[in-house]
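Just need the whole structure built from these sequences, with the hints factored in.
Just so you know, the sequences run in chain order L and C.
What the first sequence shows, in full-length UniProt numbering, is residues 1 to 499, in sequence order.
What the second sequence shows, in full-length UniProt numbering, is residues 1 to 499, in sequence order.
You may find that some hints are simply not true.
Said to hold, decoys possible - With a straight-line Cα cutoff of 30 Å, these simulated DSBU-like cross-link-like pairs (lysine-lysine) come out:
1) C:Lys12 <-> C:Lys112
2) L:Lys293 <-> C:Lys42
3) L:Lys240 <-> L:Lys250
4) C:Lys243 <-> C:Lys60
5) C:Lys25 <-> C:Lys12
6) L:Lys37 <-> C:Lys376
7) L:Lys118 <-> C:Lys57
8) L:Lys57 <-> C:Lys376
9) C:Lys85 <-> C:Lys317
10) L:Lys60 <-> C:Lys148
11) L:Lys112 <-> C:Lys112
12) C:Lys143 <-> L:Lys154
13) C:Lys75 <-> L:Lys37
14) L:Lys100 <-> L:Lys112
15) C:Lys317 <-> L:Lys42
16) L:Lys257 <-> L:Lys243
17) L:Lys85 <-> C:Lys489
18) C:Lys60 <-> C:Lys148
19) C:Lys12 <-> L:Lys40
20) L:Lys100 <-> C:Lys22
21) L:Lys57 <-> C:Lys230
22) C:Lys60 <-> L:Lys467
23) L:Lys257 <-> L:Lys303
24) L:Lys25 <-> L:Lys60
25) L:Lys100 <-> C:Lys489
26) L:Lys60 <-> L:Lys112
27) C:Lys143 <-> C:Lys85
28) C:Lys75 <-> L:Lys143
Hints listed in this document are in silico derivations from the structure and should not be mistaken for laboratory results.
There are 2 protein chains.
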Amino acid sequence: MAERAALEELVKLQGERVRGLKQQKASAELIEEEVAKLLKLKAQLGPDESKQKFVLKTPKGTRDYSPRQMAVREKVFDVIIRCFKRHGAEVIDTPVFELKETLTGKYGEDSKLIYDLKDQGGELLSLRYDLTVPFARYLAMNKLNNIKRYHIAKVYRRDNPAMTRGRYREFYQCDFDIAGNFDPMIPDAECLKIMCEILSSLQIGDFLVKVNDRRILDGMFAICGVPDSKFRTICSSVDKLDKVSWEEVKNEMVGEKGLAPEVADRIGDYVQQHGGVSLVEQLLQDPKLSQNKQALEGLRDLKLLFEYLTLFGIDDKISFDLSLARGLDYYTGVIYEAVLLQTPVQAGEEPLGVGSVAAGGRYDGLVGMFDPKGRKVPCVGLSIGVERIFSIVEQRLEVEDSLSSGGTQQVVLLWVGIFLFCFCSLQAELLYKKNPKLLNQLQYCEEAGIPLVAIIGEQELKDGVIKLRSVTSREEVDIRREDLVEEIKRRTGQPLCIC
Amino acid sequence: MAERAALEELVKLQGERVRGLKQQKASAELIEEEVAKLLKLKAQLGPDESKQKFVLKTPKGTRDYSPRQMAVREKVFDVIIRCFKRHGAEVIDTPVFELKETLTGKYGEDSKLIYDLKDQGGELLSLRYDLTVPFARYLAMNKLNNIKRYHIAKVYRRDNPAMTRGRYREFYQCDFDIAGNFDPMIPDAECLKIMCEILSSLQIGDFLVKVNDRRILDGMFAICGVPDSKFRTICSSVDKLDKVSWEEVKNEMVGEKGLAPEVADRIGDYVQQHGGVSLVEQLLQDPKLSQNKQALEGLRDLKLLFEYLTLFGIDDKISFDLSLARGLDYYTGVIYEAVLLQTPVQAGEEPLGVGSVAAGGRYDGLVGMFDPKGRKVPCVGLSIGVERIFSIVEQRLEVEDSLSSGGTQQVVLLWVGIFLFCFCSLQAELLYKKNPKLLNQLQYCEEAGIPLVAIIGEQELKDGVIKLRSVTSREEVDIRREDLVEEIKRRTGQPLCIC
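If you want it as structure tokens, here you go:
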């Protein structure tokens with residue numbers, strides 16, 4: 001550092017010297033000479049600091065995971081994966097980018113959020129926006145008609161951070177999907193069951209799963225008198241009801257989207273309703289709605305769904321909510337979204353509408369979009385939004401403080417001039433020290449909560465022994481080298497890891 | 001499909017009609033009218049199939065992982081991670097892309113292989129090329145002076161497939177690095193120990209680790225009379241010695257890179273040597289080389305390194321090889337590369353130079369390139385190239401065929417009209433069937449090697465029992481519903497998974 005500081009000083013002085021000569025109108029040769037010196041000094045100094053500082057960050061909307069955060073991540077993934085496997089799912093993985101064409105026409109308005117790769121010659125590529133479209137591409141490519149798979153990976157969305165505080169542009173999704181022809185609503189019911197199992201076992205607070213059906217929404221719009229061309233845009237207005245009041249939504253429908261006020265009011269009468277299976281039965285009696293073929297199918301399926309949910313014992317967690325619309329294009333039937341009821345307030349996060357931690361639905365048309373013969377494979381799935389869960393669990397664990405990185409360390413080897421290879425078959429940490437002070441190292445062990453210490457000094461080395469010291473009781477005993485591994489095993493109860 | 005076929009026919013006919021009218025020089029109005037109809041039909045038809053077919057692939061140089069391949073991946077990662085943890089490493093993760101500036105100037109000629117993201121407004125981004133540069137950026141950003149970390153993630157290189165058959169553009173790296181000031185060669189020795197532990201335990205055949213030192217190479221070039229400006233390019237020529245003969249390398253040096261023949265010959269005398277610690281001692285006596293400060297430092301460190309490698313009992317795996325140069329810019333000291341000795345021939349793979357399965361070295365300058373104050377953090381690390389290991393292990397397991405995806409299934413529930421939620425707390429698979437044929441389902445169980453079957457028909461449902469059937473002995477017994485979980489546990493010895 002000192003050296004760099006000196007160099008900077010020299011550059012400054014030489015710069016002044018050059019300026020001085022110029023003012024004095026010194027000879028061109030002399031000035032040239034001094035400028036050359038200046039450039040030489042600057043070259044030695046290397047790239048200037050302000051530039052370096054600018055580079056020192058992760059891209060907007062992304063973050064590193066520290067070891068502590070990784071521990072949380074692994075804890076959460078473990079719960080999720082065990083549940084997925086218990087339900088008989090296999091795991092697959094796909095590339096982080098897909099051909100641009102593979103993603104086009106799948107996400108509606110959200111397509112503008114897709115990351116494209118630069119055209120460096122060859123194929124046009126985009127980063128995956130979710131795991132569902134790559135899954136459909138995988139099914140079509142491998143001509144699969146029937147699979148239960150899970151996939152845990154990062155997806156990429158160029159979200160406008162102003163709109164979505166607290167959210168990331170690179171984030172994990174944990175997807176479980178069932179592809180194939182089955183009796184109606186059975187796979188759909190299992191997806192909801194899985195959602196409830198995972199959210200319960202993660203202990204992130206009470207939650208509610210809103211359920212609706214695209215066919216009911218479309219039927220409802222039809223009978224309310226919404227022109228087909230406006231279905232989608234009105235749908236996205238309705239979707240806002242979890243964030244803003246009905247009045248605001250109505251204003252948007254009428255003002256911005258040119259819907260007749262009476263049409264909007266009819267929609268309002270429906271979408272402000274939510275409840276259990278009783279609401280399904282009530283709507284099945286609705287003279288207008290029950291006349292619409294699509295809506296009727298949707299309602300009948302929901303009735304059957306609720307029967308299965310009752311069998312699963314999760315009907316109390318489920319709410320039929322006519323305002324749930326979901327953004328993505330590819331849903332064709334049942335849709336659902338799980339929200340946390342009391343969300344711990346996160347720093348810099350929107351107070352509203354951030355409760356959603358899992359979602360999904362049925363998409364029977366997506367695989368057909370990829371299959372050369374248009375062969376359809378009905379699919380239903382769910383996606384757990386873990387980033388938000390990470391931060392909740394992180395907070396909880398910080399309180400419990402059950403996550404010291406030294407937690408797994410059973411033994412520490414103290415460096416006293418030389419170290420012993422036989423230890424490498426034990427989960428042991430080697431303390432490298434330039435000038436080791438035994439006391440500092442013992443202190444480290446106490447702080448890191450390491451119970452047992454093995455000291456190998458010159459003397460121990462000569463005698464072919466190792467001094468074992470209990471950090472708590474501080475009593476020491478010499479062990480013959482060949483007995484060491486067994487002794488440590490006995491004391492720590494830790495099995496040998498055979499790599 | 002029929003409908004689509006009809007539409008295609010209509011489009012064809014309408015197309016002919018339009019062509020006909022044009023030939024007949026019909027009125028512009030009429031032609032316009034018919035063209036409009038044609039376009040309308042084409043719009044109904046949607047994107048044409050040939051396009052669809054074209055989309056149906058993963059990007060060049062990438063692949064999906066099937067459940068079977070994922071099982072291999074997890075097996076290999078498990079071995080590697082257990083070893084990394086045993087050596088006291090913590091795990092971190094970083095984003096898949098970095099600011100473009102973060103990667104520039106770190107990879108020398110290889111920089112042209114970096115994937116850039118399209119400029120969609122905002123920051124200029126590139127996909128990570130390795131895990132080392134992001135690690136250095138992480139250290140500088142978090143002002144860390146001292147950490148042992150591992151990182152397992154995919155990296156991205158726009159390799160020319162013609163040159164690198166059998167390799168991928170998206171592939172995994174498993175990195176272990178030690179950052180901090182320690183006694184010379186101790187972390188370096190541990191990295192080599194880790195490499196040997198992992199390669200041995202993966203049972204992928206006999207291997208050899210070549211070791212060299214950048215300082216020895218530079219010193220050697222200096223005393224041989226290579227001009228400083230040519231160090232790097234001559235270095236990359238030397239690096240080819242594992243693929244081509246010395247004559248070819250010499251021709252490149254003299255012919256393409258304009259080195260004097262006698263200089264090349266002097267280099268040749270050195271780089272064709274390899275051996276153990278004895279070669280190090282011999283070169284320490286070399287009158288010219290030992291006079292070069294850099295080379296002397298490198299040789300002395302290698303001598304110390306070999307002492308530690310002997311203690312670790314891996315010196316027989318290590319070969320001091322003066323032809324090992326390694327491509328990347330950022331190495332400053334010891335470098336190493338592990339090669340398989342008898343490589344199982346892979347379909348469509350180069351017979352030469354594909355033996356490398358792990359590599360690494362010391363890079364003491366990299367963190368300083370990121371630190372605002374140029375603060376240096378010495379680092380040494382290793383990277384396991386697992387893609388090649390995956391395919392070797394895959395082949396071995398195919399032989400053993402110890403990887404049936406049903407292998408973890410202990411129980412299967414047969415669908416006979418309704419199913420039971422209590423099962424969801426067991427690792428059980430639910431067979432969805434539209435028209436379930438009991439025999440087909442039992443057959444599936446035998447093929448999938450599922451030992452135990454629970455049958456729930458209408459009758460069982462009425463009686464509140466479940467029929468348990470042993471797939472092998474085929475004997476059946478009715479169990480009371482509340483005893484079922486315990487009974488299955490008893491028979492399969494499988495503990496309940498509490499999600």
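Task: Numbers of unmet hints, in rising order - done: As far as the earlier hints go, 1, 13, 15, 18, 19, 20, 21, 22, 23, 24, 25 are violated by this structure, in ascending order.
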